[in-house]
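Student: Chain R is fixed; fit chain G onto it per the hints.
The chain contents come next:
2 protein chains.
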Amino acid sequence: MKKNKRVGMLVDELISNPGRLFESKHFCEKYDIAKSSLSEDIRLANEILQANGSGHIESISGVGGGIRFLPGINTEQIRELQMKLIEMLSDKSRMLGGGFLYTADIMFDGNLVHDMARIFAQKFADRGADYVVTVETKGIALAAQTAFMLHLPLVVIRREARYSEGSTVSINYFSGSTDRIQKMSIAKRAVKPGTRAIVIDDFMRGGGSLKGVVDILGEFDIETVGKGVALGSREPERKKVDDYTPIVIVEEIDEENRKITISANEALQAEVHG
Amino acid sequence: MKKNKRVGMLVDELISNPGRLFESKHFCEKYDIAKSSLSEDIRLANEILQANGSGHIESISGVGGGIRFLPGINTEQIRELQMKLIEMLSDKSRMLGGGFLYTADIMFDGNLVHDMARIFAQKFADRGADYVVTVETKGIALAAQTAFMLHLPLVVIRREARYSEGSTVSINYFSGSTDRIQKMSIAKRAVKPGTRAIVIDDFMRGGGSLKGVVDILGEFDIETVGKGVALGSREPERKKVDDYTPIVIVEEIDEENRKITISANEALQAEVHG
Chain R
2 MKKNKRVGML VDELISNPGR LFESKHFCEK YDIAKSSLSE DIRLANEILQ ANGSGHIESI
62 SGVGGGIRFL PGINTEQIRE LQMKLIEMLS DKSRMLGGGF LYTADIMFDG NLVHDMARIF
122 AQKFADRGAD YVVTVETKGI ALAAQTAFML HLPLVVIRRE ARYSEGSTVS INYFSGSTDR
182 IQKMSIAKRA VKPGTRAIVI DDFMRGGGSL KGVVDILGEF DIETVGKGVA LGSREPERKK
242 VDDYTPIVIV EEIDEENRKI TISANEALQA EVHG
Chain G
2 MKKNKRVGML VDELISNPGR LFESKHFCEK YDIAKSSLSE DIRLANEILQ ANGSGHIESI
62 SGVGGGIRFL PGINTEQIRE LQMKLIEMLS DKSRMLGGGF LYTADIMFDG NLVHDMARIF
122 AQKFADRGAD YVVTVETKGI ALAAQTAFML HLPLVVIRRE ARYSEGSTVS INYFSGSTDR
182 IQKMSIAKRA VKPGTRAIVI DDFMRGGGSL KGVVDILGEF DIETVGKGVA LGSREPERKK
242 VDDYTPIVIV EEIDEENRKI TISANEALQA EVHG
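Heads up: the sequence lines are chains R and G, in that order. Numbering-wise (the numbering used here), the first sequence opens with residue 2 and increments by one. Numbering-wise (the numbering used here), the second sequence opens with residue 2 and increments by one.
Incorrect hints may have been included.
If several chains are the same, the list does not tell them apart, and a pair holds so long as it fits within one copy or across any two.
The calculated lysine to aspartate or glutamate pairs, modelled on EDC-like cross-linking and capped at a C-alpha distance of 20 Å, are [as the list claims (entries may be wrong)]: (1) Lys241 / Glu220; (2) Lys212 / Glu137; (3) Lys93 / Asp216; (4) Lys193 / Asp106; (5) Lys189 / Glu220; (6) Lys240 / Asp216.
These are calculated hints, taken from the structure and not from any lab test.
Excised from the complex, chain R in its bound form (with noise of 0.2 Å):
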């Protein structure tokens, strides 16, 4: 087989499966290859990926060792990312009243998605993650494509405990968004004690939901090692968790005169490439 296509395909088995370690065994006796030449077509694989900006490839060494995909973003994508998520957000036929904005078509757009995902990957990538959690539902696609791409298992806490899901536990905690108490439940198979879990949600306020999932994970012996959201907003000012990464923020949404005000998380670009 040709150069050419040989590291083609390498770029598409590789793409296709984000985060998942190759022995470098697969790849010679699928392409009848020595593994110099492999080297070889790695390291021009590589530099592919890095020009696109799509990640790099990690390599790792010795016994157990092999080559894997590791997704990413650099940062004018990142700036185009929040430019037109900027965009889309403030147009103000979106405004719900009562501080709400209507998000679901942005959190359930494939490539918006997938590009988000590229930065909780990139950024997250070195926790030492088990798992990646979200709360139904609007997180779902976003955490569904980060842990895809940190080829980690996705574990969806539910509103309610249905039949279906085998023993649950529960909490109940306060939501400042909706002003009540709300429920959060996750099923006992799904995670271990002792474990390390990043929280991707589409939405974060004062951080009682996403606080309530700390919790919930806490009640397992599950450290939370990092909490991505798309959509911050600027208030209220304090708080309920800390170390949170949004993309972009609601800076404030004027109902009276019809203006939606968001603004790109300045932070994020060093955050990721820091």
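Tutor: Chain G alone, transformed into the frame defined by chain R:
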């Protein structure tokens, strides 16, 4: 830029943007090459993607034309996926009683979801759909990945109308699985009358829930042009919808002898490639 690198970059960009139509100009400018060289690159990229069973590149000529990558899956990969699902689902520890199986880990496994979505993306690519639709919660990752591959918006029908969805339309339907009346609710602004939808869900037993989706879409004069479910069920023989595509089928859950029997949808390979 060398042909080696160009072709790899083309493969990366196409796979990262499935279903999206790119003008030839985009690549000619990016790589600073003539249209004839690009045609050569596209031919090779197409060969690469087909060799891996990942899908193929479609070229659309004339004004408004260009190229796009349509994800797919080959017969061997379908078979492998079905075998893997059968093995996982036959594990008797999944039995929850009352004919329920624990499937959340499968429905939120990124690699399984990715491969299942490739089946539906290939099968439903030519239906002229405007959205992919699912009902929360367990089918969302699969529906989101299918929508991403088809470059279509995802619409998630909620169990309860939520304020953050804006105005909604709701219907009640009878769910045979839970033996009770259930409700579903769709955001008015998520859909437009006179359009077409592909419906994706995690599981279908009698088809009550799927029929509910078809009905609520019908309220908006939206035609359902494809129905895919990860897991079908042999019982009851009589379904409330026809012409749906399961990947694997629950033949029997024998609680007394603690045995789960799952089979492959044998028609799937012909349906997808026919």
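Student: Now look at each hint and say whether the structure bears it out.
Tutor: To see whether the hints hold, each was checked on the structure:
| no. | hint | verdict |
| --- | --- | --- |
| 1 | Lys241 / Glu220 | within (18 Å within a copy, 42 Å between copies) |
| 2 | Lys212 / Glu137 | within (15 Å within a copy, 23 Å between copies) |
| 3 | Lys93 / Asp216 | neither (35 Å within a copy, 31 Å between copies) |
| 4 | Lys193 / Asp106 | between (34 Å within a copy, 13 Å between copies) |
| 5 | Lys189 / Glu220 | within (11 Å within a copy, 39 Å between copies) |
| 6 | Lys240 / Asp216 | within (15 Å within a copy, 42 Å between copies) |
When each numbered hint is compared with the structure, a violation occurs for hint 3 only.
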